[in-house]
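**Q** What follows is the residue order along each chain.
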Amino acid sequence: MALSETTTSPNEDTKVWIERVPAPYWIVGVILLIIPSFASDFVMFQIFGWTFILGMIATSLMFLGGYGGMVSLAQMTFAGVAGYMVAIFGESAIDTISLGWPWYIAIPLALIIAMLFATAIGWLAVRTEGIYTIMITLAIAAAFFYFTRQNYDIFNGFQGFNSVLPPPLFGVDWRGPEAFYYLTLFWAAATYFAVLYLSRAPFGLALQGVRDNPRRMAALGYNVTAHRVAAYAFSAIPAGVGGILLTWQSAQISPGTVGIQPAIDILIIAVVGGLSHPVGAFIGAFLYVVLKTFAVDFLIAIGLSGDRFQLLIGLGFLLVVAFSEDGLLGLWKKLRDSRKRDPLTGEVRE
Amino acid sequence: MNAHPNTGTQNALELRGMSKRFGALAALSDIELSVRPGERRAVLGSNGAGKTTLFNCITGDFPPSEGAIRFFGEDITRFPAHERIRRGLRRTYQISLLFTGLTVMDNVYLSCLGVSRGRFSFLRARRDDALVASAEELVETVNLWDVRDTLVNELSYGQQRQLEIAMALSGAPRFILFDEPAAGLSPTERSELIEILTGLPGHMGYIIIEHDMDVALRVSEFVTMMHNGRIFKEGKPAEIEEDPEVQALYLGGGDE
Chain U
1 MALSETTTSP NEDTKVWIER VPAPYWIVGV ILLIIPSFAS DFVMFQIFGW
51 TFILGMIATS LMFLGGYGGM VSLAQMTFAG VAGYMVAIFG ESAIDTISLG
101 WPWYIAIPLA LIIAMLFATA IGWLAVRTEG IYTIMITLAI AAAFFYFTRQ
151 NYDIFNGFQG FNSVLPPPLF GVDWRGPEAF YYLTLFWAAA TYFAVLYLSR
201 APFGLALQGV RDNPRRMAAL GYNVTAHRVA AYAFSAIPAG VGGILLTWQS
251 AQISPGTVGI QPAIDILIIA VVGGLSHPVG AFIGAFLYVV LKTFAVDFLI
301 AIGLSGDRFQ LLIGLGFLLV VAFSEDGLLG LWKKLRDSRK RDPLTGEVRE
Chain R
1 MNAHPNTGTQ NALELRGMSK RFGALAALSD IELSVRPGER RAVLGSNGAG
51 KTTLFNCITG DFPPSEGAIR FFGEDITRFP AHERIRRGLR RTYQISLLFT
101 GLTVMDNVYL SCLGVSRGRF SFLRARRDDA LVASAEELVE TVNLWDVRDT
151 LVNELSYGQQ RQLEIAMALS GAPRFILFDE PAAGLSPTER SELIEILTGL
201 PGHMGYIIIE HDMDVALRVS EFVTMMHNGR IFKEGKPAEI EEDPEVQALY
251 LGGGDE
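So the protein lines, in turn, are chains U and R. Mapped onto this note's numbering, the consecutive letters of the first sequence carry residue numbers 1 to 350. Mapped onto this note's numbering, the consecutive letters of the second sequence carry residue numbers 1 to 256.
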């Protein structure tokens, strides 16, 4: 809690910031940094690269849902808008449409357009609550999917864009497994810390206030609608960066990237991971990627048809949701609390 | 700061012909009310007299069906709630509407932030932040300093009521609406509340809804009696106490 941080005991104050970093951060940080020294190209590029990307897009949903109380199915659409814009403004194999502008114009422009798009969607969606927000954002995701599939002048219809590659900045091929691993790790970490920081900054605190008690927030002088719309706009940044990286990873973007199924997958990732903390989005993404990648092999190994892999993902989803209100984070919290408890009296031990 | 130019001769609050209907039910009918700047007024009345509805219309929780509301001369009838608050109007709620998952300090900080310019700031508050300082001062004013880092859902009922008041006092209010601040308080807490209310700066007027006559008459200079959505009597506390009609209606019908 940041405000309590500002009034913590004096020995906390005398610590340098580096001493205040909790031990788990050191461990996870070091492991993530040295993974390329022993992991295969496939693990780096496909497993971790994809985990970080989906984690970022899911974090944008975690931000809206966990802090703002707004469950949106349009996050993959925001990612897709940014991905498409990079393909359109930058370079791709479809040179009749792609403008071939340099990356330092194409990428910021793509993110700005994604933000404007999210602002407009947010402006529509914040007038609704709960299930209606889900419906309206689902409708937008569906509309964008069909629009990209049928529009050939700008979005090149069913084909989409291929050969959308990252710029060879500093002479590095950023699609090389190791470079791509560090590229996605950097942006995933930036997203994670930005959201965590923002959760205790005035904007984030006020957003949580709006989630818990919109009427009271209005009575404290907050424009509740404006705050919610701003949250949508902000959520488009991690989603947009994730969308651009996703486009680079597969070197293409097409309507399939922004379909209903990917939109729902993001919701599943965020909910399975847990909406209370940004780390949940990345845990959920890792589980999803591992299941999606290895479920086929696993099913074949036990003698079942490989194309039933969705069944396994669905079962995993059901199990987590059945046992925890807050995804894997909730399970972890339950486990920690129960270990703190005295087995006989049920009282919490310090 | 001179964001509110019209503080001279106008009334702090002026209601003209205000009505509120919920379907066929007339919760408020033709309310006429003028409160001078700095005036302390009590609104009394039995349950269902329309007192809280009156507050909800004034703060914009919902709009009145008819009539006009002027706040320091400015017509605020069509303003959304947050615009009224930014003009210096504050209120507390009868049923505490607090952020139960946040600490006492966070709650007061949020209320200070709501009327400041940093509402959308992406930067965390620094240790020497003016808002944090004013939040700390308010927490001290309402005697909650010892529990400043406690989560609100772990506070006692009386402490939650005090927190409500701290939040209403944030950011230079010009006029405050207190909705039954003494309800459910212990006698000690009541006298603390009276101390806080009487200790407010002289320019800070308020309207207080209070069932406890003892509290209401001690903290107000003027009393408005409501019954069935109408104002039926106004006067000094002493006059109201002795009024036979009031006694019959409100004080339990002493003549029978």
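The hints are simulated quantities; they were obtained by calculation from the structure and are not laboratory data. A virtual CB, placed ideally from N, CA and C, is assigned to each residue, including glycine. Careful, some of the hints might be misleading.
To be verified - Distance windows between CB atoms, simulated:
1) R:Trp145 with U:Pro168: 56 to 62 Å
2) R:Ile194 with U:Val30: 58 to 64 Å
3) R:Arg126 with U:Ser305: 34 to 40 Å
4) U:Ser40 with R:Glu83: 34 to 40 Å
5) U:Tyr25 with R:Ala133: 27 to 33 Å
6) R:Ala26 with U:Ile260: 47 to 53 Å
7) R:Thr188 with U:Thr128: 24 to 30 Å
Claimed, not checked - Which chain R residues face chain U? A few, computed with CB under 10 Å, are given here:
8) Phe120
9) Leu185
10) Met213
**Q** Between Tyr25 (chain U) and Ala133 (chain R), does the C-beta distance stay in 27 to 33 Å?
**A** The hint (27 to 33 Å, Cβ to Cβ) holds, given that Tyr25 (chain U) and Ala133 (chain R) are roughly 31 Å apart.
**Q** Look at the Cβ atoms of Trp145 (chain R) and Pro168 (chain U) and judge whether their distance stays inside 56 to 62 Å.
**A** Since Trp145 (chain R) and Pro168 (chain U) have Cβ atoms about 59 Å apart, the given range 56 to 62 Å holds.
**Q** Does the nearest C-beta of chain U fall within a distance shorter than 10 Å of the C-beta of Phe120 (chain R)?
**A** With a closest approach of 5 Å, the Phe120 (chain R) hint holds.
**Q** Would you say the C-beta atoms of Thr188 (chain R) and Thr128 (chain U) sit inside 24 to 30 Å of each other?
**A** violated, 47 Å
**Q** Do the beta carbons of Ile194 (chain R) and Val30 (chain U) sit within 58 to 64 Å of each other?
**A** For Val30 (chain U) against Ile194 (chain R), whose Cβ atoms are near 60 Å apart, the range 58 to 64 Å holds.
**Q** With respect to the beta-carbon atoms only, verify the hint that Ala26 (chain R) and Ile260 (chain U) lie 47 to 53 Å apart.
**A** About 50 Å separates the Cβ atoms of Ala26 (chain R) and Ile260 (chain U), which means 47 to 53 Å holds.
**Q** Assuming the hint says 34 to 40 Å, is it satisfied by the Cβ distance from Arg126 (chain R) to Ser305 (chain U) or not?
**A** violated, 60 Å
**Q** Hint Leu185 (chain R) vs chain U: min CB-CB distance below 10 Å?
**A** This hint is violated: Leu185 (chain R) lies away from chain U, its Cβ roughly 21 Å from the closest one there, beyond 10 Å.
**Q** So, Met213 (chain R) near chain U? Judge it on the closest CB pair being under 10 Å.
**A** violated, 27 Å
**Q** Range hint 34 to 40 Å: satisfied by the CB atoms of Ser40 (chain U) and Glu83 (chain R)?
**A** The hinted range 34 to 40 Å is violated for Ser40 (chain U) and Glu83 (chain R), with Cβ atoms some 60 Å apart.
Of the hints listed earlier, those the structure fails to meet are numbers 3, 4, 7, 9, 10, in rising order.
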